[in-house]
Structures are given as structure tokens and as C-alpha cells.
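S.K.: Chain by chain, the residues run as shown.
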Amino acid sequence: MAILSFLDRDRIIAKPGFNRWLVPPAALAIHLCIGQAYAFSVFNNPLTKLVAVKELAPTDTLKLLSQSKLVDALHAAPTDWSIPTIGWVFSLAIVCLGLSAATFGAWLDRVGPRKAMFASAVCFSGGFFVGAVGVYYHLFWLLLLGYGVLGGIGLGLGYISPVSTLIKWFPDKPGMATGLAIMGFGGGAMIAAPLSVKLMDVFHGMHHGLGVTGTFVTLGAIYFVYMMFGVFTVRVPAPGWLPAGFVPGTQQNKLVSSYNVSVDNAWKTPQFWLLWIMLLVNVTAGIAVLSQASPMSQDLFPGRVTAVIAGGFVGLLSIANMAGRFAWSSTSDHIGRKATYLAFFTLGPLLYIAIPASGRAESVALFVVCCVLILTMYGGGFATIPAYLRDLFGTRQVGAIHGRLLTAWSTAGVLGPALISYIGQYQTRHGVPKAQQYDLTMYIMAGLLVVGAICDLMVKPVDAKFHDADSPVTGMMPTQTATPERSRG
Amino acid sequence: MADDVRSQRRVSSSSSAAENSSKGLVMLAWTFVLVPLAWGFTQTLIKAAVMFR
Chain A
1 MAILSFLDRD
11 RIIAKPGFNR
21 WLVPPAALAI
31 HLCIGQAYAF
41 SVFNNPLTKL
51 VAVKELAPTD
61 TLKLLSQSKL
71 VDALHAAPTD
81 WSIPTIGWVF
91 SLAIVCLGLS
101 AATFGAWLDR
111 VGPRKAMFAS
121 AVCFSGGFFV
131 GAVGVYYHLF
141 WLLLLGYGVL
151 GGIGLGLGYI
161 SPVSTLIKWF
171 PDKPGMATGL
181 AIMGFGGGAM
191 IAAPLSVKLM
201 DVFHGMHHGL
211 GVTGTFVTLG
221 AIYFVYMMFG
231 VFTVRVPAPG
241 WLPAGFVPGT
251 QQNKLVSSYN
261 VSVDNAWKTP
271 QFWLLWIMLL
281 VNVTAGIAVL
291 SQASPMSQDL
301 FPGRVTAVIA
311 GGFVGLLSIA
321 NMAGRFAWSS
331 TSDHIGRKAT
341 YLAFFTLGPL
351 LYIAIPASGR
361 AESVALFVVC
371 CVLILTMYGG
381 GFATIPAYLR
391 DLFGTRQVGA
401 IHGRLLTAWS
411 TAGVLGPALI
421 SYIGQYQTRH
431 GVPKAQQYDL
441 TMYIMAGLLV
451 VGAICDLMVK
461 PVDAKFHDAD
471 SPVTGMMPTQ
481 TATPERSRG
Chain B
1 MADDVRSQRR
11 VSSSSSAAEN
21 SSKGLVMLAW
31 TFVLVPLAWG
41 FTQTLIKAAV
51 MFR
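Going line by line, the protein sequences match chains A and B.
Just so you know, we're using my numbering here: the first sequence kicks off at 1 and counts up by one.
Just so you know, we're using my numbering here: the second sequence kicks off at 1 and counts up by one.
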């Protein structure tokens, strides 16, 4: 459509003199919004009390709609939703994140980031609006369809578009660049959680559903406007562009490829699947701590850690998660991706094993330090993986390859909580005291990280048979002139 | 090959100048994203501070 031609890739090629430091804020604007997903749990309790407060009758025009026969027919949810039921909304959103990133990654690389970011904004905000209608009429399938499916698609598109763009703008420091964007995903939850609570206070009593409906609509509108800043600010580098002083092909790390690998070929390499497993175990292990942080701290230190203190502890972990994204991925530019992941997978098991030990030693400080470090590595794993992919597969289709790799996140998002829940139930059945129930979980997670370490050690440069025939030097655009390939260490 | 290298140097030189261009716009863009992030960070820090009371 001509009216949407401003979204086309050729309209966003940076003109000479464009400052590349404008691109990270564009990326952050998207990630700060979609990072809201991590704060969805603030809606858990209000969403379980919608029917109980039904006497707060609709007061706006939607009331008229509710009087129609069609809506009455669909308005058949006599009981409140349970917390596990609501948990499916977030899980479905994460599954759709991975699936949409995998499905639309190649499209994104073709049409450019502006169009993909615009589509992300429409889907993510649209998910809130559809979800609001679902909450209003207490239709769980509509909430799933809105926030879970539509919002999840927005998450996937919004997650990979800025990352692949930044990798192309910062070939000299890809870890730092992707860390900046993905740090925004962690930071987005920090903004969304208190903002949502304040909005629910504002809308409480004004609208049906403890203010959730009004909050969803408001968040959808705010996020759409904010994401438009990213949409209109983002640019792609012109063919031939290179940052000042950067000479491609001089990296000493032999894992940094000088060749591009297409998404269809990357899929067939062992390196892709090794990284897939590494992301899977890192996320699964992180979820084990993140999802249990509050009850675990109270169970390991009864009488010393109250529910209020545990809430503060979860806040501290959010900060660690965000900080780790930037710190670890920036560090990876200096020590290499393989060494960074090896740090996660060797230090990590020791920290997981130390958690039960901290409970037995009654050392709250040790427990806090372990969890904080684990969360930095959880975030760091997300932020470092795009740069690892770029090292192995080049920049040409890194967005599409990253998208496919994110299916590991989706898998962990479903399997991780299920595994933790199963381990907990198994131990309860066998009469294991509450405070000791975390031991086995942490030992299993430590074991998973050792598997990750083995995978990381197995990562070798991609076989030449997978390289694109017209492969340019890493960090350069497909059509630019490049210096001849040089071999390195 | 020498032409290619000279061409690259020209591109690098122009991008060096670009790094210093539009500084006001860059500052504005960063402010736009960092202010809400700082607000969220502060809110979370206040929540986390309960641990140390």
C-alpha cells in the first residue's frame, strides 16, 4: 500500500552524516515496551477476582454491547479464573514470541526493521485492546487470543527487529549494542509493574474488572505511541557503511566468521543446535530461581525473610536481570562469546549448589549474592546470544536466525515451570520438608548448566559448505565492496 | 584492492564525523528512553530497599 510506503526499507537507509547512536534509543523504545510481558504477573490477583466484583457494573458504552444477545451468549463464565489458568496467558505469549520470531525473521530481514517494528506495535498494542475486551466480558479465550497470541506475535517481532539492526550498526561492538536493546526488555518490566499498579488504582471502581480493563486499554495506547518513536527513528546503514576505524576481518577470535550463512543453512548446522540447547538450559535454570525467588527466600529463612522483604528481593533480582544483560554482553566483546557462556555454565552450577547450602548455613547474604549473580547470567544469556550468532553466521540473516533460536526460549518458558512444578510435587509426595524441596531443583539446574558447558565447548567455526557463495566480510552489507578475505587464527 | 581500501577509509572518515553530528538530537532521544527507565529503576530500588531496613 502506498500509504504505508514510509515503512519501506529503502526509505530508512541512513543518509551521510547520520549518527548511529540514534539507533539504540529506537531499539530501547521497542524493548522497554515489550518488556512489559515480564510484569504480567501484577495482573494475576486482580484477574482472579473479576466475577467476585461483578457488581461493579459496566458504566460506559460497552454496557450497551453487553445487552445484545450475541455478547450475552458469549458472556458465560460463572466462576473466577484461577492463578494457574491465568498463567497460560503469559506462557502462550512467550510461545507465540518464539514462533513469530522464527516465522517472520526472514521477512524482517527482507522488509527492514521499520515495517517489522510497526507490525510489532500494532500487534502488541492490539493484544492489549483485545485482551481488555476479554477481561471486560470475562472471556478467557479472548484474553488468550489478545494478549497471548496477538501480543505474543508483537513480542516476537519487536524483540528481533531492533537487535538485528543494531548488530549491523555496531559491527565493532555487537555485544554492547545487543546488550543495550535487550537490557530494555528487562527494564520494561520495571516500568510496567509500578505503572500497571498505579493505573489499576486509578481505574479501580471506574470500570468493570478491578481496573484491569482500563489499565489494558491505557497501556495499549501508551505503548503504541512510544513504539512509534522507535519506528520513526530507526535507520539501516547504507551499503558500504562502516564505523570509524573499524576494519572488518581483523578479529583474532577464530569463531568470528568472515562469511554469512543463510537462515536455511544455519538451521542445518550443529552450531545452531548447540546454541539452541545453551539458551534452553540457561533460561530454564534462570526460571527456576526467578519463579521461586519469593517463596524460596521465605522457606529457607523462616522468620527472617517476610513476604514484604521477599517482594523487595524479587525487585533486586529484576535489577540484576537488567544489569546483567548489558554488563555480560559488553564483556563478551572483550573476552569472546564462548568464554562468556563458559563463565555462565561453570560459575552457574556452583552458585546453584550454594543456594541450598546457604539455607543450611542460615546465610541470607550468601543466598542473595548467589541469586543476584544467577540472575545477571540469566539476563546475560539472552543478551549475548545474538552476538554469538553474528560471530558464527555473519550479519546478513542474523535476525531470522535469532528468531529461530528464540524457540528455545519458548520451549524453556513452558518446560521450565512444568519441570519445577513436577519436581516440587514429587518431593511433596515423598514427604520432603518444604525448606529442603529446593535442593533437588537446584542440583538438577546445576546439572543442566553442565550440559550447557559441554555444548559451549563443542562450538566450532561453521563448516565452509554452509557459507553463502557471495559471502562478504563480517560487518559489511551484502552489496558493499569489501577487502579480500583474510585468514585468521 | 587498493581502491577498495581507500574507499573504505573515506567511508570510515565520514562515519567518524557522523558520530559527532546531531548531538542534540541524540541527547534528546536518549533522554526520551532513559527517563522512564530511570523511573522504573527507582521504583524497583525503593521496593528492593525494604530488604536492607
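The hints are simulated quantities; they were obtained by calculation from the structure and are not laboratory data.
These figures come from a predicted structure and were not determined experimentally.
Glycine included, C-beta positions come from ideal geometry on N, C-alpha and C.
Some clues are possibly wrong.
Pair ranges (Cβ atoms, derived) [to be verified]: (1) A:Ser421 with B:Val50: 22 to 30 Å; (2) A:Trp273 with B:Ser21: 40 to 48 Å; (3) B:Thr31 with A:Gly303: 44 to 52 Å.
S.K.: Each of the hints needs a verdict: does it hold here or not?
M.R.: Here is what the structure says about each hint:
For the pair A:Ser421 and B:Val50, the supplied restraint of 22 to 30 Å holds, since their beta-carbon distance comes to about 28 Å. Range check, A:Trp273 to B:Ser21: about 43 Å between beta-carbon atoms, so the 40 to 48 Å window is met. Checked against the hint of 44 to 52 Å, the pair B:Thr31 and A:Gly303 passes, with Cβ atoms roughly 45 Å apart.
Hint compliance for this structure: no hint is broken.
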